[in-house]
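Q: So the protein sequences, as listed, match chains A and B. Going by this note's numbering, the residue at position 49 of the first sequence is 44; the numbering climbs one at a time, nothing skipped. Position in the second sequence (from 1) plus 362 gives the number in this note's numbering.
Derived from the structure by calculation, the hints contain no laboratory data. The structure displayed is predicted, hence computed values, not measured ones. Hints may be right or wrong, so weigh each one.
[To be verified] Straight-line distance between alpha carbons at most 16 Å, and here's what the computed EDC-like set of lysine to aspartate or glutamate pairs gives: (1) K688(B) x E19(A); (2) K455(B) x D445(B); (3) K53(A) x D583(B); (4) K420(B) x E408(B).
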Amino acid sequence: MVGEATALTGESELVTLADLVLQESATITAVSVGSGGVNETALRRLAEIGFLPGERVKVVARVPGGDPMAVRVGNSTFALRRREALCVHVRVRQPNE
Amino acid sequence: MNSVTVQADIPVVALVGNPNCGKTALFNLLTGSRQKVANYAGVTVERKEGQFQTMSGKRIRLFDLPGAYGLEAETPDEKVTLDVLRGQLPGEKRPDLIVCVVDATNLRQHLRMAVGLRRFGLPMILALNMSDLALRHGLKIDVDLLSHELGIPVVNTVGVHRQGVRELLEKIDQVVDLSHATNEGNLPVITPELIASDHAEVQRVLSLLGEMSADALRTSDRIDRVVLHPVIGPLILLGCLFLVFQAVFIWAQPLMEGINSVVDMLGNYLLKVMPDNMMRSLLIDGVIAGAGSVVVFLPQIIILFFFILVLEESGYLPRAAFLLDKLMGGVGLSGRSFIPLLSSFACAIPGIMATRTIQNPRDRLTTIMIAPLMTCSARLPVYALIIAAFIPARRVWGGVELQGLVLFGLYAGGIISAMLVAWVMKLTAFRGNDQSLMLELPAYHLPVLRNIVIGLWQRVQIFLTRVGTIILALMVLLWFLSSVPLPPEGATGPAIQYSYAGRMGAALAHVFAPIGFNWQISIALIPGLAAREVAVGALGTVYALSASSHDISGALEPLIAQSWSLATALSLLVWYVFAPQCLSTLAAVRRETNSWRHPLIMLAYLFGMAYLASFITYRLVVAWSGG
């Protein structure tokens, strides 16, 4: 379900896509307004392009300064600005996952 | 419009799908050159329609609906897609059949569209496009199982060669007469939850097919490691831009000279064979010179769009936008505005046409509005004339060439004011702009020649027919104003002084006096409306130089150096940085925005800025040199 990140447990609670380092894989736990300050439209758009709970994501490129970044979600790659990446809550996947 | 009524009985098939699913390539393959590109009524969304025949000889009208990620009407593109599917767009027939095109290598993302489309109650075929690529990556998709699970016919397609649409043609043949659209009932509101549930359905189907995880993106990723590299990436981009710039200015040069000499030859021929009357003047100075001044930009436009199309087809263009996003984001634009603005240095018209690659309508409008502030090549003759006459050719600050410095300053002035205008527009008119990027970086593809050629042909057609006709009409009007009425018997001044344009110029001289323009300049500004460089020729005419003299600039230079003050000259230079003295650009804006409102706003704000900037320049120079 798409909802608040508070449903999650443990240390991953505050981790968003914006925190991932290059080539680090993670699983989306929730997509919510969070600290990105985007509107409903942007949230729906994120869902439409595939940022849905359970999907795997990976940061594949960043421009100097880190904004925007290129993110692999499923089999697609999207450029997101930092404010959008802040809405995507993730759980970092362990190397053996 | 009348074609719609004539063809009412021909079945309509619509292609729907995510951007980057190869939909347009499939459309090109099915319809070949039998396609029409226009705009949907009232909006700037591109409407593409074509025709083809099925194997059994049925004629089909095919719509290529704008690509969309979802089925919510957020952008104008998506609204058009949705309205067409519901049969709610005035003047458009509801499709009898939809072909949902998906990228077979990316079912996880694209299949969600098919699931959502089922709610519309329209007969549907699912086309697994790029099935050759999927196969090459070891993805074997069980078409029958997929078809059974989704409850719709499924076919394999390959959008890049002729054989690739056979199955699709057969299936359309079978389905198009049998099935009928039903009313869609109440379509649910699209929420993230609904999208997630559609996605769950996709995952269910995919798990039945066996999770296919061959990495189709390995090559693409390898390229991106270089192209999106924080240091190498921008260097490659710079190289690309340099190449495009070089090509547009250098490669186009011989072709443009060729066109000019043909136009001259034609004019000279008529000059010889026709008697000296109004008709000859209309043909030579109005029609031929008018059309010539437009057509001469065709080589630049073809070369520019060739590069843009290749970059777009290959998948590099969104990467360039990604790399430039930060730079453009500072003034509220996104990386996508960069290429159109770059194009505007050649000529604002192709630049404005290139804004079609900007999906966000507000970004697109801002880009259109600031495009004329990029110094186009037509301004160069005017700059060259005034700089040569007034700016001493000497070196300052240890070796910098002063004339070159002034020219650079004029270019920089345009860019800086464009950024300023964009920034102001962001603050005022477009407050609440949803500043998201969410730009797909599709896998790299080798460009297909057919798609480049078709795309190029469509741009050329738009330029020549639509813009060309308006421009030509305006040119003829200007000719009329500059030639009628004829000077009275025994008149001593140049003929143009007695014409309507001359009288208007004399009236305008009062308006322009505060910024230092004399009546000669004021008159020259009127024919200069047609195209900026025409002003040089017009100045020649006003100063009673022989119009046939080959080197008007050379003869003018000492004349104006003598009769204008430095303040006047600099004021005119600054005027040219801003002034919207190009009816062709305004005509292009009218076409691309589908309203008179935006070209009028553009006209007003550019004139305002030009007047203000020239006024300040003139007063400052007068105060400085006189005091």
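Q: Decide if the proposed pair is consistent with the structure: K420(B) and E408(B), CA atoms, cutoff 16 Å inclusive.
A: violated, 26 Å
Q: What's the verdict on K688(B) and E19(A), does the C-alpha distance respect the 16 Å limit or exceed it?
A: violated, 23 Å
Q: Straight-line Cα separation of K53(A) and D583(B) no greater than 16 Å?
A: The given pair, whose Cα atoms are some 12 Å apart, holds under the 16 Å limit.
Q: Run the distance test for K455(B) versus D445(B): straight-line Cα separation, threshold 16 Å.
A: holds, 10 Å
When held up to the earlier numbered hints, the structure conflicts with 1, 4 and fits the remainder.
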